[in-house]
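Protein sequence lines correspond, in order, to chains A and B. Start counting the first sequence at 1; every next residue gets the next number (the working numbering). Start counting the second sequence at 1; every next residue gets the next number (the working numbering).
Treat the hints with care, since some could be wrong.
Repeated chains share a single entry, so a pair holds when one copy, or any two copies, can fit it.
[Claimed, not checked] Pairs of lysine to aspartate or glutamate residues, derived as EDC-like cross-links and limited to a Cα-Cα distance of at most 16 Å, are as follows:
# : residue 1 : residue 2
1 : Lys148    : Glu123
2 : Lys153    : Glu119
3 : Lys51     : Asp84
4 : Lys153    : Glu123
In case anyone wonders, no lab produced these hints; they're calculated from the structure.
Protein chains: 2
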Amino acid sequence: MKISAQEEYGLRCLLQLACLPGTASLTLPQIAEREGISVANAGKLMWLLNKAGFVQATRGTKGGYSLARPAEHIRLSEVIKVLDEDEIGNHCESYTGVLEKCIHKGDCGIRPVIVGLHEIVQEALSQITLSQLVGDEAQVDATFHQIKRFERKLGQESLRN
Amino acid sequence: MKISAQEEYGLRCLLQLACLPGTASLTLPQIAEREGISVANAGKLMWLLNKAGFVQATRGTKGGYSLARPAEHIRLSEVIKVLDEDEIGNHCESYTGVLEKCIHKGDCGIRPVIVGLHEIVQEALSQITLSQLVGDEAQVDATFHQIKRFERKLGQESLRN
DNA sequence: TCAAATCTTTACTTTTTTTTCAAGATTGGT
DNA sequence: ACCAATCTTGAAAAAAAAGTAAAGATTTGA
Numbered sequence: 001m002k003i004s005a006q007e008e009y010g011l012r013c014l015l016q017l018a019c020l021p022g023t024a025s026l027t028l029p030q031i032a033e034r035e036g037i038s039v040a041n042a043g044k045l046m047w048l049l050n051k052a053g054f055v056q057a058t059r060g061t062k063g064g065y066s067l068a069r070p071a072e073h074i075r076l077s078e079v080i081k082v083l084d085e086d087e088i089g090n091h092c093e094s095y096t097g098v099l100e101k102c103i104h105k106g107d108c109g110i111r112p113v114i115v116g117l118h119e120i121v122q123e124a125l126s127q128i129t130l131s132q133l134v135g136d137e138a139q140v141d142a143t144f145h146q147i148k149r150f151e152r153k154l155g156q157e158s159l160r161n
Numbered sequence: 001m002k003i004s005a006q007e008e009y010g011l012r013c014l015l016q017l018a019c020l021p022g023t024a025s026l027t028l029p030q031i032a033e034r035e036g037i038s039v040a041n042a043g044k045l046m047w048l049l050n051k052a053g054f055v056q057a058t059r060g061t062k063g064g065y066s067l068a069r070p071a072e073h074i075r076l077s078e079v080i081k082v083l084d085e086d087e088i089g090n091h092c093e094s095y096t097g098v099l100e101k102c103i104h105k106g107d108c109g110i111r112p113v114i115v116g117l118h119e120i121v122q123e124a125l126s127q128i129t130l131s132q133l134v135g136d137e138a139q140v141d142a143t144f145h146q147i148k149r150f151e152r153k154l155g156q157e158s159l160r161n
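All chains should be built: construct the whole structure from the sequences, respecting the hints.
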């Protein structure tokens, strides 16, 4: 259960644009250099982000990428969904709709876990916007901290019952 | 952000043992057949689970695998940690200790997100035991549902501020 | 109009992960 | 003692993911 390279670097590249003042833009070589990845790799990531409507690309001299909408309105959950290709579970087709292929069919003990994890992660990410990542790092920490504390309390309660 | 094949199938194989009455055991071919994977693949997964102390292996005729401790005392967080090799983050070495290699060093905007996600997932998984997965599926659902509801409430509150 | 700078797209290569194979080691039964 | 059933282990093959390369398309400005 870990973030993929595509998710991590895609998010990082997007964050570079969010850091800029106003609606400024960066070229592919600039983004690549700031993230320490190749231009080709950055190109592929930015292409995905462009296709999904998070960034605006301009070709030609003076071209580059800029955010397509304000950083305050870009939730991490949306970004991750696009970079992740939004698949959950690996081989159990029960979740993705093709029920027949899965040996576990209806009575699959770990299905609620896989689905549940995916949901709480998405929900947590939907609480965080790009703009929080650039300036308000403390708020990001606070959000996760509160969730963690609630989870721990939940565990203690179920222990008492 | 998805569960790996090793995590998913390792957990599934372990669950097969947890489903058995008492301290009964299963052989590798039996586990493989029940999970629809090859015997070789099941062998590797069970070897990992054995090394980590979750199952007990007996060789020779009448051999097989059984749980090394009661299903009530095996938390999903522990199992996943072993199957996952417990790594978080992909390329940013800031998290794993080798600080020098990472271009982002201290001022890394998405670090709190990666670390935070890992922590809330681990915390959620630590609330769930193997025994809950075999019988008490409703409780598993309930746990995740409560977390999700709290996260949503959190979001609404931060909206009001 | 042309050249330089830039993004776009497809195909290819490399690396990592997953799966399989094969030989070894241990146990139980005869 | 021997054989059959079983787990163990390391290496190899296959598949998937990540990263690279190259040719194409668009824009700006001289």
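A quick look at each hint next to the structure:
1. For the homomeric pair Lys148 and Glu123, the shortest alpha-carbon distances inside one copy (13 Å) and between copies (7 Å) are both at most 16 Å.
2. In this assembly of identical chains, Lys153 and Glu119 lie within 16 Å of each other by CA distance solely across copies; the values are 15 Å between and 20 Å within a copy.
3. Proximity of Lys51 and Asp84 under a CA criterion of 16 Å is satisfied intra-copy only: 14 Å inside one chain copy versus 32 Å between copies.
4. In this homomeric assembly, Lys153 and Glu123 come within 16 Å of each other (Cα to Cα) only across copies, at 11 Å, whereas the closest approach inside a single copy is 19 Å.
Consistency with the previously given hints is maintained throughout, with no hint failing.
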